[in-house]
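Here is what each chain is made of, one letter per residue.
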Amino acid sequence: MKARIFNPRGGVKPDSHKKESSESPIRHVPLPPRLAVLLIQGSQGSARTIVTVGDRVLKGQCIGEAEGADGTAIHAPTSGTVTEIGYYPMAHPSGLSSQAIVIEPDGEERWITYEPLDPATADRDELILRIQASGIVGMGGAVFPSHLKARSNIKTMIINGAECEPWITCDDRLMRERAANVVTGSAILALLTGARQTLIGIEDNKPEAIAAMRAAVRNMEPVTRKCPGAGKMNVVAVPTRYPTGERKQLIQVLTGVKIPPNERVTKYGTQCFNVATAHAVCRALLHGEPMVSRIVTVTGNVERPGNYEVLFGMSIADLLAFCGVKPDTTRVLMGGPMMGFALPSLDAPVIKGCNCLIAASNELFPPSAPEQPCIRCGDCVDVCPTGLQPFEMYWASRTKNLDSARRHHIFGCMECGCCAYVCPAHIPLVDYFRFARSEIRARDEEQKAADQARTRFEFRSLRLEREKSEKAARLAAKAAETRAKAAAGGNAALIADAVERARTQPPAQDNAEQDHQK
Amino acid sequence: MSSPHIRRPASVQRVMMTVLVALLPGIVVYVWQAGAGILVNLAIATATALASEALMLRLRKRPLWIALSDGSAIVTAWLIALILPSIVPWWLTMTGVLVAIVGAKHLYGGIGQNPFNPAMAAYCAVIVAYPALMSQWPSIDGVDFATQLHLILGGSREIDGITGATALDAMRTGLRNQNDVRSILGSGTGTFGFAGGRGWEWIAAGYLAGGLFLLVRRVITWHLPFGFIAGMGLMAGVFWLAAPNNFPSPLFHFASGGTMLAAFFIVTDPVTGTSSPLGKFIFAAGAGIIAWVIRTFGIYPDGIAFAVLLMNICVPLINHATQPVPVGQRKDSRP
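One line per chain: the protein sequences are S and C, in this order. Each residue of the first sequence is one higher than the last, beginning at 35 in our numbering. Each residue of the second sequence is one higher than the last, beginning at 70 in our numbering.
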């Protein structure tokens, strides 16, 4: 069946630089002297440590259990001894540190055994629980807990093999070498989400991957054939264009459905999983292997660019050293050159979202020319995949006209960087947008706090006012009563009243009072 | 340093250089048809533009080299030289360029900040200040280079016999004298060619060729030139069809005066124009309509400069009304 392609607006076509790393098979990296597995692998889903220093652990043994319903577990990447639970830098632009469990490998790579689950017979909740317990998160870089996505009910499932960022080839190699597992994992996800059709989108600059995936879909294993949705699985070659691999973009290319930035994909009956996530689901359910490693593209200014099967927790510096990073490397990017970030510290361990490491030199990534004034040429408008007006957002951000920035949908921007990529005035547009968004958020917070304080104050004033008036009313009533009595019976009545009050006072209290006076 | 970490090899300088290259066919035809005097004017304008740009940058304490090398001042200078009569004295060209660079550009904050098209502001300033000099157009092949040089360098202006009415002027004067279009065109004064002004129509064709080059190189989009020509053509066409004796054809308007230069090089100025495709079309069409109105009912040799300035004023309004809706969003989410 020839699938229909819906061409979205905008986008750019940077030099792909895929060949540097895509032409050699996935290689294994020797066991490093120690592995530091971070308890926080992404912005969502953390784990709670369940081992102590000195514990012996097996490969795949759970060392951090999922924290709460959104949490994802972490596992020992190899067998060995827990030697330390301490703080390590995260692979994150902030440069913050997080707790990590450090394991010294014993070199034996002894696996713990988990029972495989048969997706055809096992309960849906059981399968989803296993996905959570296996620590599976979105492998495209967003690191969103997969069990949360697997729980959705959708019509069309998208499997993302687009890999639109330049330089990155880990999904390409994965699909070429392990297509059967990817397809099986996709079928299981289709079963869990109730999808009636599955579209696997791969950019047409990866013909080998497309061929391998098509063959895998044709020769699907019987176990997966039972999954509904697996029968309508289609590998679609999509035009090479950045940012087609962004999930809403890919959904648009494959289904024609345009999902606004502020709405969830499930509302439109779709959900998107990365091919590596599908692969991990297959390994976890059918082979009982939790996530302990991933394929990382190491490329750029290195002697041996390629794709490496890397255990989580290996230091990025060690990995780069193994790949022969060249001395004139100025910085290392994690992710692609369009949306990735420069690592603040190479001591950070490899995490689940680490799809690509690019050693950058000034030759490969020349520093940007100095910023010039915007001439409103509109190139940024032409390439914006969301249909925004980046230069209007830029003027608004620059002049701190935050209301105007918001009106121009600055929160609809996905920071794909197409605008900054084409800007002839070399304006770092995305930086301006990040700045304006943080300013708007800060202002909103401030506004909220001020509103709350005002409401509190107003209520307090109201309450004091009310109490005051109530008290005044009470006193006035009492005074009126006294006056009325005085008017009715003269002073004699008042005295009689006082005598009466004194007599009816409880004697015990009288005694206590007398005792006290003594 | 943050994402994206790669940049397309594009620059403002490259954009401006492409525009200059696109002006070359028109300039070559100009020299061929009307003599090399225009080159002297181009040189005077360029030197004045660069000097005044440097001076203003110095006064505003801005880095010199980035702005000087972006080429925008040279584009402004060339446009001014091309829209002034080719035998104006040197100081008039300089005055125009100074008005554009100092007044219309830098006093508003330099490149990217100016609300008015600098070349058009310059034209309006000098035509109001020196209407006589601005109406002395040389007849197309009647002036040799030595005479042109003599006039440009400020020699005595004995211009009888070497200047002639432009096609637009001749048409307007003829119509005012109750002649009909056909008899004006056939009056045999050597003013008219096959479509517009004799000789000038070829220069217009040169601008058209350069403009198509800009379209191919995607420096401009079709909305602006098409909008301008469509706006002017709509007005000219309606009136011509209604009263062909009293109104010249759209083709005459396209081939006369500054229509082609304006359509591809002047209304296409991104800084002073609108942003969205629809906005661009409205902006350019409005300029075309107003230009036709001024040409037909006004007293100036051409109405494009005023038309463009008037539309420059409308830019914020047009922008406000034509903001595009983001992908997948509802119409009411327009900024």
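Worth double-checking, as some hints may not be accurate.
Within a straight-line C-alpha distance of at most 25 Å, the following computed BS3-like cross-link-like pairs (lysine-lysine) qualify [as the list claims (entries may be wrong)]:
(1) S:512 with S:502
(2) S:47 with S:301
(3) S:292 with S:266
(4) S:505 with S:482
(5) C:400 with S:292
(6) S:53 with C:400
(7) S:301 with C:400
(8) S:519 with S:482
(9) S:189 with S:266
Not close to chain C: a few residues of chain S, all C-beta gaps over 12 Å, as computed [said to hold, decoys possible]:
(10) 87
(11) 113
(12) 133
(13) 147
(14) 160
(15) 450
(16) 535
(17) 536
(18) 539
Here are the in silico distance ranges between beta carbons for each label pair [unchecked claim]:
(19) S:469 with C:401: 23 to 29 Å
(20) S:296 with C:281: 57 to 63 Å
(21) S:432 with C:210: 24 to 30 Å
(22) S:397 with C:90: 45 to 51 Å
It is worth saying that the hints were derived from the structure and are not from the lab. Each residue gets a CB set at the ideal place from its N, CA and C atoms; glycine is no exception.
A quick look at each hint next to the structure:
As the CA atoms of residue 512 (chain S) and residue 502 (chain S) are separated by approximately 15 Å, the hinted pair is consistent with the 25 Å bound. For the given pair, residue 47 (chain S) sits about 30 Å from residue 301 (chain S) by alpha-carbon distance, which is inconsistent with the 25 Å threshold. For the given pair, residue 292 (chain S) sits about 22 Å from residue 266 (chain S) by alpha-carbon distance, which is consistent with the 25 Å threshold. This hinted pair does not check out: residue 505 (chain S) and residue 482 (chain S) have alpha carbons roughly 34 Å apart, beyond 25 Å.
Annotation: proposed proximity of residue 400 (chain C) to residue 292 (chain S) holds, straight-line Cα distance about 14 Å (limit 25 Å). For the hint pairing residue 53 (chain S) with residue 400 (chain C), the CA-to-CA distance comes to about 43 Å; that exceeds 25 Å, so the pair is violated. Our distance criterion of 25 Å between C-alpha atoms is met by residue 301 (chain S) and residue 400 (chain C), whose separation comes to about 20 Å. About 55 Å separates the Cα atoms of residue 519 (chain S) and residue 482 (chain S), which puts this hinted pair outside 25 Å; it is violated.
Pair hint residue 189 (chain S) plus residue 266 (chain S) holds up; C-alpha atoms about 11 Å apart against a cutoff of 25 Å. Listed as a non-interface residue, residue 87 (chain S) keeps its Cβ farther than 12 Å from every Cβ of chain C; the least gap is roughly 38 Å. Annotated as non-interface, residue 113 (chain S) keeps its C-beta farther than 12 Å from every C-beta of chain C; the closest such distance is 38 Å. In this structure residue 133 (chain S) is separated from chain C by more than 12 Å, as the shortest Cβ-Cβ distance comes to about 27 Å.
With 12 Å as the threshold on Cβ separation, the claim that residue 147 (chain S) sits away from chain C holds: the shortest Cβ distance comes to roughly 43 Å. Every beta carbon of chain C lies more than 12 Å from that of residue 160 (chain S), the smallest distance being close to 37 Å; the non-interface claim holds. For residue 450 (chain S), the shortest C-beta to C-beta distance to chain C comes to about 8 Å, within the 12 Å cut-off, and the non-interface label is violated. With a minimum CB-CB distance of about 73 Å to chain C, residue 535 (chain S) clears the 12 Å threshold, and the non-interface call stands.
Listed as outside the interface, residue 536 (chain S) is consistent with that label: its C-beta sits roughly 77 Å from the nearest C-beta of chain C, beyond the 12 Å cut-off. For residue 539 (chain S), the shortest C-beta to C-beta distance to chain C comes to about 74 Å, beyond the 12 Å cut-off, and the non-interface label holds. Between residue 469 (chain S) and residue 401 (chain C) the Cβ separation comes to about 28 Å, which falls inside the hinted range of 23 to 29 Å. Separation of residue 296 (chain S) from residue 281 (chain C) is about 42 Å and departs from the stated range, judged on CB atoms against 57 to 63 Å.
Roughly 52 Å separates the CB atoms of residue 432 (chain S) and residue 210 (chain C), a value that falls outside the hinted 24 to 30 Å. Taking the beta carbon of each, residue 397 (chain S) and residue 90 (chain C) are about 30 Å apart, not inside 45 to 51 Å as hinted.
The earlier numbered hints that this structure contradicts are 2, 4, 6, 8, 15, 20, 21, 22.
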